[in-house]
Amino acid sequence: MNQLVSIGTSHHVAPIEFRERLAFSEEQLIESHQYVRESDQIQESVILSTCNRVEVYAVLNSVRTPEAAAKVLAEFLSRCHQIDTESLKKWTYLHHNLETIQHLFRVISSLDSMVVGESQILGQVKDAYDTSRAAGSTGTILNRLFTKAFNVGKRIRSETTITTGAVSISYAAVELAKKIFNTLEGKTVAIIGAGEMSELTAKHLVANGVSNVIVANRTYQRAVKVAEKFKGTPLAYDSDLNFLIDADIVISSTNAPDYLIKRQPLVNIMRKRKHRYMFLIDIAVPRDIEPDVSKLDSAFLYNIDDLEAVVVSNLKDRQQEAIHAEQIVSEEAKRFYDQLQVFQVNPTIKALHQQFRQIADTELQACLYKTTLSDAQEEAIASMTQAIVKKLLHHPMKNLRGAVNDGDADHGQYVQALQELFVLDVNDETPE
Amino acid sequence: MINFLFLLTLLIYLAAGIFQTLSLAIGARTEALMIRPTIEQIAFWCTLIGFAFLTVFIALWWLQQGHFPMTHWTDSTAFFAWAITLIYLIIVRLTHLRTLGSFVMPVAFIAILISYSFATHTAALPEPLQNYWLLAHTTLIFLAYAAFIAAFGFGLMYLIAERKIRRKTDTLFDNLLPSLDTSDVLGYRCAILGVILLTMGVIVGSLWTQYIRDVPWRWLDAKVISTLVTWFIYVGQIGIRQLWGWHGRRAAYATLIGFVAVLCTYVGVDLFLDSMHTYR
Chain R
255 MNQLVSIGTS
265 HHVAPIEFRE
275 RLAFSEEQLI
285 ESHQYVRESD
295 QIQESVILST
305 CNRVEVYAVL
315 NSVRTPEAAA
325 KVLAEFLSRC
335 HQIDTESLKK
345 WTYLHHNLET
355 IQHLFRVISS
365 LDSMVVGESQ
375 ILGQVKDAYD
385 TSRAAGSTGT
395 ILNRLFTKAF
405 NVGKRIRSET
415 TITTGAVSIS
425 YAAVELAKKI
435 FNTLEGKTVA
445 IIGAGEMSEL
455 TAKHLVANGV
465 SNVIVANRTY
475 QRAVKVAEKF
485 KGTPLAYDSD
495 LNFLIDADIV
505 ISSTNAPDYL
515 IKRQPLVNIM
525 RKRKHRYMFL
535 IDIAVPRDIE
545 PDVSKLDSAF
555 LYNIDDLEAV
565 VVSNLKDRQQ
575 EAIHAEQIVS
585 EEAKRFYDQL
595 QVFQVNPTIK
605 ALHQQFRQIA
615 DTELQACLYK
625 TTLSDAQEEA
635 IASMTQAIVK
645 KLLHHPMKNL
655 RGAVNDGDAD
665 HGQYVQALQE
675 LFVLDVNDET
685 PE
Chain Y
195 MINFLFLLTL
205 LIYLAAGIFQ
215 TLSLAIGART
225 EALMIRPTIE
235 QIAFWCTLIG
245 FAFLTVFIAL
255 WWLQQGHFPM
265 THWTDSTAFF
275 AWAITLIYLI
285 IVRLTHLRTL
295 GSFVMPVAFI
305 AILISYSFAT
315 HTAALPEPLQ
325 NYWLLAHTTL
335 IFLAYAAFIA
345 AFGFGLMYLI
355 AERKIRRKTD
365 TLFDNLLPSL
375 DTSDVLGYRC
385 AILGVILLTM
395 GVIVGSLWTQ
405 YIRDVPWRWL
415 DAKVISTLVT
425 WFIYVGQIGI
435 RQLWGWHGRR
445 AAYATLIGFV
455 AVLCTYVGVD
465 LFLDSMHTYR
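Residue numbers (the working numbering), protein chains in the order written: chain R, 255 to 686; chain Y, 195 to 474.
One or more of the hints may lead you astray.
As the list claims (entries may be wrong) - Result set (DSBU-like, lysine-lysine): computed pairs, CA atoms no more than 35 Å apart in a straight line:
{"no.": "1", "chain 1": "R", "residue 1": "Lys432", "chain 2": "Y", "residue 2": "Lys417"}
{"no.": "2", "chain 1": "R", "residue 1": "Lys570", "chain 2": "Y", "residue 2": "Lys362"}
{"no.": "3", "chain 1": "R", "residue 1": "Lys604", "chain 2": "R", "residue 2": "Lys570"}
{"no.": "4", "chain 1": "R", "residue 1": "Lys549", "chain 2": "Y", "residue 2": "Lys358"}
{"no.": "5", "chain 1": "Y", "residue 1": "Lys358", "chain 2": "R", "residue 2": "Lys645"}
{"no.": "6", "chain 1": "R", "residue 1": "Lys485", "chain 2": "Y", "residue 2": "Lys417"}
{"no.": "7", "chain 1": "Y", "residue 1": "Lys358", "chain 2": "R", "residue 2": "Lys483"}
{"no.": "8", "chain 1": "Y", "residue 1": "Lys417", "chain 2": "R", "residue 2": "Lys479"}
{"no.": "9", "chain 1": "R", "residue 1": "Lys433", "chain 2": "Y", "residue 2": "Lys417"}
{"no.": "10", "chain 1": "Y", "residue 1": "Lys417", "chain 2": "R", "residue 2": "Lys408"}
{"no.": "11", "chain 1": "Y", "residue 1": "Lys362", "chain 2": "R", "residue 2": "Lys528"}
{"no.": "12", "chain 1": "Y", "residue 1": "Lys362", "chain 2": "R", "residue 2": "Lys479"}
{"no.": "13", "chain 1": "Y", "residue 1": "Lys417", "chain 2": "R", "residue 2": "Lys516"}
{"no.": "14", "chain 1": "Y", "residue 1": "Lys417", "chain 2": "R", "residue 2": "Lys570"}
{"no.": "15", "chain 1": "R", "residue 1": "Lys604", "chain 2": "Y", "residue 2": "Lys358"}
{"no.": "16", "chain 1": "R", "residue 1": "Lys549", "chain 2": "Y", "residue 2": "Lys417"}
Stated by the list, open to error - Over the 10 Å line for every Cβ pair with chain R, so calculated as not near, a few chain Y residues:
{"no.": "17", "residue": "Ala209"}
{"no.": "18", "residue": "Leu307"}
{"no.": "19", "residue": "Ser373"}
{"no.": "20", "residue": "Thr376"}
{"no.": "21", "residue": "Ile419"}
{"no.": "22", "residue": "Val454"}
Unchecked claim - Label pairs and their calculated CB-CB ranges:
{"no.": "23", "chain 1": "Y", "residue 1": "Arg444", "chain 2": "R", "residue 2": "Thr473", "range": "36 to 44 Å"}
{"no.": "24", "chain 1": "R", "residue 1": "Glu562", "chain 2": "Y", "residue 2": "Ile304", "range": "43 to 51 Å"}
{"no.": "25", "chain 1": "R", "residue 1": "Lys483", "chain 2": "Y", "residue 2": "Thr249", "range": "21 to 29 Å"}
{"no.": "26", "chain 1": "Y", "residue 1": "Thr403", "chain 2": "R", "residue 2": "Asp500", "range": "48 to 56 Å"}
{"no.": "27", "chain 1": "Y", "residue 1": "Leu254", "chain 2": "R", "residue 2": "Asp500", "range": "29 to 37 Å"}
{"no.": "28", "chain 1": "Y", "residue 1": "Ile243", "chain 2": "R", "residue 2": "Arg655", "range": "47 to 55 Å"}
{"no.": "29", "chain 1": "Y", "residue 1": "Tyr447", "chain 2": "R", "residue 2": "Lys408", "range": "41 to 49 Å"}
{"no.": "30", "chain 1": "R", "residue 1": "Arg409", "chain 2": "Y", "residue 2": "Arg444", "range": "18 to 26 Å"}
{"no.": "31", "chain 1": "R", "residue 1": "Glu439", "chain 2": "Y", "residue 2": "Arg444", "range": "35 to 43 Å"}
Hints were generated in silico from the structure; no laboratory data involved.
Just so it is clear, CB atoms sit at the ideal spot from N, CA and C, and this is done for glycine as well.
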């Protein structure tokens, strides 16, 4: 009976120093696929290596206990990376059969990610699987498992809201802008002052369609430096804020001790821009924009705390959603595991049936050859042999299938015993 | 037969109103994620089927009466509901904003309910009024009302969305309402459409008076004055927007005021004032 196992490490259990030692480079991937193909213990494998996790999913042959499986995989990893088994034991986790399925489904659904609901992992797993498949390291079981996993990943993304709602300040700003403006195309963003956060936000806005970037700084050289990154217009300002007339979105993050944008001057600016909406984002501490600005009809002001609150609330929603997603994962994993059991037992059942029928057939032919019987009599004997075969196999098959359906762990031993006792030649690769 | 059809129409409109409201009320909450599209779909189909039934009903009613039915409250409110649905369906076709239905379909349902409660009544139409002038005049006016009601729907959507944005604590989860920009611009366009239709309706109406001498006509008819007030409210709103860029919240409030004016013109005048436009 084949064992489905996985070994891995992730940001949950190991520090970066260990993860980077375990990471697979491209050459190492090729090498290890080579190793897998030559190995008689590892039948199939998929190697997933991202910056947050390194995992090996494998189907092992002729390994009966989880401990033995762990040993095979640990050997494989330490061979690839020259890591002593002690630290492997300390920093990795090991999953077996149902746990493996469950773990993969969780990973692919981003439930195991640093930020629940992130979308990258689906593509990363897909790449890992494609590489392994192209290298010829996957077989029926892992092909089925990963196909199912992609479906589960998609199902969770469409049936829960774990992926919606911005969970970073810069994305929250983009989402808010989309709630105000019909489209971001053709809009202008003005960045006042410099800073990582404001640049990141501007970057996201540009990625979402904003076409003009104005970079304003007290010193012109600095403005030029930042503007280069966005192909924006640099400008130096002192107290004249007239450049805001063209700005639909304003991101302010200066070190000014006082309010830079006050209500009264902004009233005039708003009039000059014909009261088109202005979305002001104040990420400076102390604040750059007078809070009273938000009382203007067409101005929407968010400060760092407001954005933070949006993010926190979205994160909370995602956590809530994750519970729902976990349920789907358990459900799907259990169902797939059951299917896999049946799928794994089927070849044995088929082989046993075939063998019995063949024996009955041979004996029947031999018998009929020796005697002279009427057609009706021949037919009666033929159907009798068929019935005997059926009846003989009835209880063993029923109990075997029952053991599988009950999730009885012993059924692997049943299968093993059947194969050995009846000298069955079971071809695992038989497609359905 | 025709009564049964009307009852059916009423029930379908009730379903449309309920499902439209429901699809907005449950929002984009997680538990609703799976069922919301279904509810929205049901609501939209109810609207389509209801509109088809209502069209058939009005046609049959027309045949039975022998002239365009526009004499009794039952005629007028049914036609009102028909116009609201038509304008709504056109807007959905152009913008795919089905959410608007959550605001206008309940209004259409109430109109049908009023119509149904008078359903057995008929009233004779004076001979001199039986002509295509009546059809053109009332159709234009009712389509104008319907456009104003759509503008009102967009105004409400704007105010709700703006409130959510300004309150800040609200999560960004419910993306059912269009962006402020969208609601604002579409509300404005609906108001313009309404003004054009109303202007045409009034012109047709006043030309019509040149042809009928037998019915006494007075310029100081309550309905005429009230209509002019409504017209000024919308034209004023459009003008101020063009001149001083008033939009957003102020424009949204203006659509609400306009909505009240429409209701006063349509219902209020009939109930409390004397007018030659009165439905019986």
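Here is how each hint holds up against the structure:
1. Distance check on the hinted pair: Lys432 of chain R and Lys417 of chain Y sit about 43 Å apart at the alpha-carbon level, beyond 35 Å; violated.
2. For the given pair, Lys570 of chain R sits about 16 Å from Lys362 of chain Y by alpha-carbon distance, which is consistent with the 35 Å threshold.
3. Between Lys604 of chain R and Lys570 of chain R, the direct Cα distance comes to roughly 51 Å. Violation of the 35 Å bound is thereby established for this hinted pair.
4. A threshold of 35 Å between alpha carbons decides the hint, and for Lys549 of chain R with Lys358 of chain Y the separation of about 15 Å falls inside it, so the pair holds.
5. Restraint check: the Cα-Cα separation between Lys358 of chain Y and Lys645 of chain R comes to about 71 Å, which exceeds 35 Å; the hinted pair is violated.
6. For the hint linking Lys485 of chain R to Lys417 of chain Y, the alpha-carbon distance of about 60 Å lies beyond 35 Å, and the restraint is violated.
7. Between Lys358 of chain Y and Lys483 of chain R the alpha-carbon distance is near 34 Å, which keeps this suggested pair within the 35 Å criterion.
8. Distance hint between Lys417 of chain Y and Lys479 of chain R is unfulfilled; the C-alpha atoms sit about 67 Å from each other, more than 35 Å.
9. Note on Lys433 of chain R and Lys417 of chain Y: the hinted pairing is violated, with a Cα-Cα distance of about 41 Å set against a maximum of 35 Å.
10. A C-alpha spacing of about 59 Å is found between Lys417 of chain Y and Lys408 of chain R, which places the hinted pair above 35 Å, so the restraint is violated.
11. About 25 Å separates the Cα atoms of Lys362 of chain Y and Lys528 of chain R, which keeps this hinted pair within 35 Å; it holds.
12. This hinted pair checks out: Lys362 of chain Y and Lys479 of chain R have alpha carbons roughly 34 Å apart, not beyond 35 Å.
13. Simply put, Lys417 of chain Y and Lys516 of chain R have alpha-carbon atoms about 49 Å apart, too far for the 35 Å limit, and the pair is violated.
14. Distance restraint check for Lys417 of chain Y and Lys570 of chain R: the Cα-Cα separation of roughly 56 Å exceeds the 35 Å cut-off, and the hinted pair is therefore not satisfied.
15. In summary, the hint linking Lys604 of chain R to Lys358 of chain Y is not supported, as the alpha carbons are separated by about 63 Å, beyond the 35 Å threshold.
16. Between Lys549 of chain R and Lys417 of chain Y the CA atoms are separated by roughly 40 Å; this puts the pair beyond 35 Å, and the hint is violated.
17. Distance check for Ala209 of chain Y against chain R: the nearest CB is about 26 Å away, which clears 10 Å, and the non-interface claim stands.
18. Residue-level check passed: Leu307 of chain Y sits 35 Å from the nearest beta carbon of chain R, beyond 10 Å.
19. Listed as outside the interface, Ser373 of chain Y is inconsistent with that label: its C-beta sits roughly 5 Å from the nearest C-beta of chain R, within the 10 Å cut-off.
20. Thr376 of chain Y, annotated as away from the interface, has a beta carbon of chain R within 10 Å; the closest lies near 5 Å.
21. The Cβ of Ile419 of chain Y lies farther than 10 Å from every Cβ of chain R, with a closest approach of about 32 Å, so its non-interface assignment holds.
22. Non-interface status of Val454 of chain Y relative to chain R is upheld: no Cβ of that chain comes within 10 Å, the nearest being about 22 Å off.
23. Separated by about 40 Å at the C-beta atoms, Arg444 of chain Y and Thr473 of chain R satisfy the suggested range of 36 to 44 Å.
24. Against the hinted window of 43 to 51 Å, the Cβ-Cβ separation of Glu562 of chain R and Ile304 of chain Y comes to about 44 Å, which satisfies the hint.
25. Take Lys483 of chain R and Thr249 of chain Y: their Cβ atoms lie about 59 Å apart, and the range 21 to 29 Å is violated.
26. Evaluation of the 48 to 56 Å hint for Thr403 of chain Y and Asp500 of chain R yields a pass: the beta carbon distance comes to about 53 Å.
27. The beta-carbon spacing between Leu254 of chain Y and Asp500 of chain R, approximately 59 Å, falls outside the hinted interval of 29 to 37 Å.
28. Hint check: Ile243 of chain Y to Arg655 of chain R, Cβ distance near 50 Å, so the stated range 47 to 55 Å holds.
29. Look at Tyr447 of chain Y against Lys408 of chain R: about 45 Å separates their beta carbons, and that is inside 41 to 49 Å.
30. Distance hint for Arg409 of chain R and Arg444 of chain Y: a CB-CB separation of about 46 Å, inconsistent with the stated range 18 to 26 Å.
31. Glu439 of chain R and Arg444 of chain Y have their C-beta atoms about 26 Å apart, which leaves the hinted 35 to 43 Å range violated.
The earlier numbered hints that this structure contradicts are 1, 3, 5, 6, 8, 9, 10, 13, 14, 15, 16, 19, 20, 25, 27, 30 and 31.
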